[in-house]
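Peer 1: Starting from the given sequences, assemble the full structure and let the hints guide the process.
There are 2 protein chains.
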Amino acid sequence: MKIEMKHGAGGEAMESLIKEGILKNLSIAETEVSLDALDDASVINGTVFSTDSYTVKPIFFPGGDIGKLAVSGTINDVSALGAKPIALSAGMIVEEGLDMDDFERIVKSMGEISRKAGVPIITGDTKVVEKGSAERIFINTSGIGIRHPLLDENIRKAEKSRKLGSRWLLDSNLADGDIIISSGHIGDHGIAILSSREGYGFESKLESDVQPLNGMLERALEVGGIVAVKDPTRGGLSNALNEWREKSGIGIFIDEEKLPIREEVNSACELLGIDPLDLGNEGKYIIAAVPEMAEEVLGALRSTKEGRYAEIIGRATKEFEYVVMETSVGGRRIVEPPIGDPVPRIC
Amino acid sequence: MKIEMKHGAGGEAMESLIKEGILKNLSIAETEVSLDALDDASVINGTVFSTDSYTVKPIFFPGGDIGKLAVSGTINDVSALGAKPIALSAGMIVEEGLDMDDFERIVKSMGEISRKAGVPIITGDTKVVEKGSAERIFINTSGIGIRHPLLDENIRKAEKSRKLGSRWLLDSNLADGDIIISSGHIGDHGIAILSSREGYGFESKLESDVQPLNGMLERALEVGGIVAVKDPTRGGLSNALNEWREKSGIGIFIDEEKLPIREEVNSACELLGIDPLDLGNEGKYIIAAVPEMAEEVLGALRSTKEGRYAEIIGRATKEFEYVVMETSVGGRRIVEPPIGDPVPRIC
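If you read the protein sequences in the order shown, they are chains A and B. Per our numbering, the very first residue in the first sequence carries number 2; after that it's consecutive. Per our numbering, the very first residue in the second sequence carries number 2; after that it's consecutive.
Be aware that a few hints might be false.
One copy or any two copies: either way a pair holds, since identical chains are not told apart in the list.
[What the hints assert, rightly or not] Once the Cα atoms are required to be at most 25 Å apart in a straight line, the calculated DSS-like pairs of lysine-lysine come out as:
hint, residue 1, residue 2
1, K117, K20
2, K206, K58
3, K58, K132
4, K58, K3
5, K164, K319
6, K25, K248
7, K109, K132
8, K7, K161
9, K306, K117
10, K7, K109
11, K25, K7
12, K161, K20
13, K206, K161
14, K206, K259
15, K109, K20
Hints listed in this document are in silico derivations from the structure and should not be mistaken for laboratory results.
Peer 2: Here's what the structure looks like:
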């Protein structure tokens, strides 16, 4: 058996590779949040730790580049657990022949976005491989964080409503009635990447949403009552909601009418026969909050630049076993995680 | 200007890429040990943090594989500062078509060596790229560690001799008279990799030295008096000693007669016209200790499996401005850091 593209696509095939090919072969350490939780990050000794490799193609795209993506993506993974990210590493694999100007443009972009987010890159590594052995540049960023100073108070407020399973904002924390918020428009990044590739026969003014979300989330944590936060990247919203459903053991209901999706994304998806829910995002969180606090959390998100288009899109519910969407024409359909990826190498 | 292979080779070209292309474009955060120290790892908030990407070719070689290398290498970088490594991340970039058996063999190898070293892999990421966009598999491992419980006492003992510049085992800590120890034979890894590539016209029974060194170093820290520890990987011993010289502002004298080099490595180097001092190692430390403690540190190293062939190879000295080697025929030569790499992609 060979590894195929679908094994890296963030859907079912990837889940099976991770469970059968990886977790079985590593011994899982007992930590606060361990590898087999398959959450956005793990926790050991009070330190939140996460890693991501970026192989996006093309490396420059509308709204960003691989450097901005690598810095933002890992900040978002670390923050999603309820941590304050404090440092990043950068491991670069460069193909021989890459233009030095392109390389510097990417590094500058990493520097800028890390400054803006207040998370410095403190350690790095650069490898060069022969022409044809990689594609221009791949970047790995790992990130470390500490428990966010606002997290305990946030949880205390959520627990006025009910007890949480974890002291971190894990995928397994949802319960019946929790309100689900999207911090903004869905699918922008996937379509921006596609539109910048040749041969897709469409153009778009759409920009990727790639951005660090640690500042936005901080505003929401000040309100409190948040139980889970997730970064719907590979596999998109479909996959993220299904991970919540599976790990929390609770159904999810979403309302298509409420989903913030841009007109350009909808038309590109129709043209290409892609479900916008399967598209990866790089500057959006889905956030679950206890019902009593949800409106206030929404308000805090909307008060930020990153979250100004936030919407309540649904709720966790024991009515269903699946992720169920009420469609805009009034029907209901089950939202399954994608098996492959409609747009490979978006991150 | 284009990026060339030499920019990733661990010598002068790489140093210039890092200083001009990277450090200038990132803002350097003020941390305990920061990025611009260009040491094996950085320190923030008491946490030691390091990253390395592995692109070794071939991915299976005598004595190891890319997985064992990725786990050992990052453990060694974190330990070298005087830290106890507590966790690793693993970011894998896989080329479509890689055999699932090969993939699993690598992951198993990572699991085994991380268990053996007592440092769990707690977070990970897997990306798949199209055939031809990478070469089989690249692995990034990042590592975090905490201050080793034995480090303060080790430094206290060193400071009976003189004050140190840093509370960590940095490249900048050496001073006149410090004794330099190699924890074992030099050049094994580089030659093992070469011998497993086609077209080099020689065979060898030599195995790579790839191994985690955290356990060995712990024995030496128990003795105390260690001022600096370094991992002579890319650029080999030549580069490592020159980094010490430059950052500590002190000359280094080494004695060729004392350098532990296996007969097979010497003959392969002669055949290929390579200096064994330029060859990368993956299971060796060079260790500098205050003169009063050096013999005892050597004894502790030799009491371990990893350090049983340790030797005192030289000393830091203000007699010279350079790294100077007394050759086995009685002359003296300056040891320069390599500009390119005699064996690309050894790690």
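Peer 1: Give a verdict on every hint.
Peer 2: Cross-check of the supplied hints:
no., hint, result
1, K117 to K20, "between (36 Å within a copy, 22 Å between copies)"
2, K206 to K58, "within (18 Å within a copy, 42 Å between copies)"
3, K58 to K132, "both (17 Å within a copy, 14 Å between copies)"
4, K58 to K3, "both (23 Å within a copy, 20 Å between copies)"
5, K164 to K319, "within (17 Å within a copy, 66 Å between copies)"
6, K25 to K248, "within (19 Å within a copy, 44 Å between copies)"
7, K109 to K132, "within (24 Å within a copy, 30 Å between copies)"
8, K7 to K161, "neither (43 Å within a copy, 60 Å between copies)"
9, K306 to K117, "within (13 Å within a copy, 48 Å between copies)"
10, K7 to K109, "between (32 Å within a copy, 22 Å between copies)"
11, K25 to K7, "within (20 Å within a copy, 39 Å between copies)"
12, K161 to K20, "neither (36 Å within a copy, 53 Å between copies)"
13, K206 to K161, "neither (45 Å within a copy, 67 Å between copies)"
14, K206 to K259, "within (23 Å within a copy, 66 Å between copies)"
15, K109 to K20, "between (37 Å within a copy, 13 Å between copies)"
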